[in-house]
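Protein chains: 2
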Amino acid sequence: MIEIIRPADIEKRSFEIITEILGDRKLNPENELVIKRVIHTTADFDYADNLVFSDHAVSRGIEALRKGCDIVTDTQMAKAGINKTILEGLNGQVHCFMSDEDVALEAGQRGITRAAVSMEKAARLDRPCIFAVGNAPTALVALKELISNGLVKPELIIGVPVGFVNVVESKELIMECNVPYIVARGRKGGSNVAAAICNAMLYQIRR
Amino acid sequence: MIEIIRPADIEKRSFEIITEILGDRKLNPENELVIKRVIHTTADFDYADNLVFSDHAVSRGIEALRKGCDIVTDTQMAKAGINKTILEGLNGQVHCFMSDEDVALEAGQRGITRAAVSMEKAARLDRPCIFAVGNAPTALVALKELISNGLVKPELIIGVPVGFVNVVESKELIMECNVPYIVARGRKGGSNVAAAICNAMLYQIRR
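These protein sequences, in sequence, are chains A and B.
Here the working numbering is used: the first residue of the first sequence is 108, the next is one more, and so on.
Here the working numbering is used: the first residue of the second sequence is 108, the next is one more, and so on.
FYI, nobody ran anything at the bench for these hints, they're computed from the structure.
The structure presented is a predicted model; accordingly, all values stated were derived computationally and were not measured.
One should not assume that every hint holds.
Each pair may be met inside one copy or between any two copies, as identical chains are not told apart.
[Claimed, not checked] Lysine to any residue pairs mimicking SDA-like chemistry, simulated, CA-CA at most 25 angstroms apart: (1) Lys251 - Pro114; (2) Lys143 - Ile109; (3) Lys251 - Ser161; (4) Lys228 - Ile112; (5) Lys260 - Met108; (6) Lys143 - Asn157; (7) Lys143 - Gln183; (8) Lys191 - Gly257; (9) Lys174 - Val210; (10) Lys228 - Gln311; (11) Lys133 - Gln216; (12) Lys133 - Asp209; (13) Lys191 - Asp207; (14) Lys119 - Ile219; (15) Lys143 - Arg234; (16) Lys228 - Lys260; (17) Lys228 - Glu118; (18) Lys260 - Arg234.
Bound conformation, chain A alone:
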């Protein structure tokens, strides 16, 4: 039976159902809206366990966005999914360099992924940035290098690549970088999860 519900109420009702299903499960209030939005995006309750946050990562992300920071991502899908109306209202923009010709060329020449090269390109932006990695573990490995060499200092790293090769390891690596992080531990994640985490923070600033 299809329930008759006003479009504006669908999301509210969804969050109520998620809260019911989570039941007695205690979530850190600071992280709660991020976790619930990821579950809303995936219908996958594993994220209630998988998502790990450095201390006050959400507050730091929100604070950075409020002050006007950009978001760098490794997929056009995440870029498409992030709420650009709110972000631009805060003087931020989303960058994805994956399809740039110079990035493809350099990646081919060096025999590394475009994702890695695109993180190097992003490190040259003269702006505070949140890095939202939803696909490529090599992006996280590149970020770790850049941070270690003092070439970039992300406001926050959203480390949620998905997959089977180096994904688990790259996420563990990024948690050792002394940079605020939100990571989906294990194999799961994705562009949709990266965008959902960005939006969960943006919606706490403005709807």
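Following the hints, position chain B against chain A.
The following block gives chain B in isolation, referenced to the frame of chain A:
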């Protein structure tokens, strides 16, 4: 430990790992590459059970794409994720009407979702189309209406909205429409899943 692997080999290795994990599990050979690509996109093995296919849905989708058909989707994220280079090489294109001003206006006036209105708009395209729904159950409900009224005849419906309100029901509904379908039964799905299914078919035509 980060494994050193050539960028070109990452996907191949990922599919090998997915095959290993699936173990003895028998997949219908026609559906296998679709199922494995969805798992590759989500790292979620539930899709080995959730994905249901009408008879020869994959062959019909591939055949339609070969002949030159468009893809209509309900999110900009799915549009961003579908391989447009291959699709355009086959004389197809991707449409997403969700952000169109006329769609927003009409949805507001009628008190229905933009997704429903955008399916009605798509039904007026004078082209064979695959419908790939990754977000809005109301898009599937609208499609069912349009099909019943003889206003659209999709080549294939990819019905993989995600969520908690009317999602499960809308998928069951679309399986009764006498149209080829690929559906992710239950709550799970998403734009990433919709795009992965389209790409799994496109990659069987061309890489």
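Right, here's what the structure says about each hint:
1. Lys251 - Pro114: For Lys251 and Pro114, only the inter-copy Cα distance (18 angstroms) is at most 25 angstroms; the intra-copy one is 42 angstroms.
2. Lys143 - Ile109: Within one copy only: 24 angstroms inside, 31 angstroms across.
3. Lys251 - Ser161: So Lys251 and Ser161 pass the 25 angstroms test inside one copy only (16 angstroms; across, 46 angstroms).
4. Lys228 - Ile112: between (46 angstroms within a copy, 22 angstroms between copies)
5. Lys260 - Met108: Cα proximity of Lys260 and Met108: across copies only (24 angstroms, versus 51 angstroms in one copy).
6. Lys143 - Asn157: both (12 angstroms within a copy, 22 angstroms between copies)
7. Lys143 - Gln183: both (23 angstroms within a copy, 22 angstroms between copies)
8. Lys191 - Gly257: neither (29 angstroms within a copy, 38 angstroms between copies)
9. Lys174 - Val210: The answer is neither: 29 angstroms in one copy and 34 angstroms across copies each exceed 25 angstroms.
10. Lys228 - Gln311: For Lys228 and Gln311, the Cα distance exceeds 25 angstroms both inside one copy (29 angstroms) and across copies (33 angstroms).
11. Lys133 - Gln216: Answer is neither; intra-copy 49 angstroms and inter-copy 41 angstroms both fail.
12. Lys133 - Asp209: neither (47 angstroms within a copy, 44 angstroms between copies)
13. Lys191 - Asp207: Classified as both: same-chain Cα gap 20 angstroms, cross-chain 16 angstroms, threshold 25 angstroms.
14. Lys119 - Ile219: For Lys119 and Ile219, only the inter-copy Cα distance (16 angstroms) is at most 25 angstroms; the intra-copy one is 44 angstroms.
15. Lys143 - Arg234: Result: close neither inside a copy nor across copies, 30 angstroms intra and 39 angstroms inter.
16. Lys228 - Lys260: within (14 angstroms within a copy, 46 angstroms between copies)
17. Lys228 - Glu118: between (37 angstroms within a copy, 24 angstroms between copies)
18. Lys260 - Arg234: Answer is within: at 10 angstroms inside a copy they meet the 25 angstroms cutoff, but 49 angstroms across does not.
Checked against the numbered hints given earlier, this structure breaks hints 8, 9, 10, 11, 12 and 15; the rest are met.
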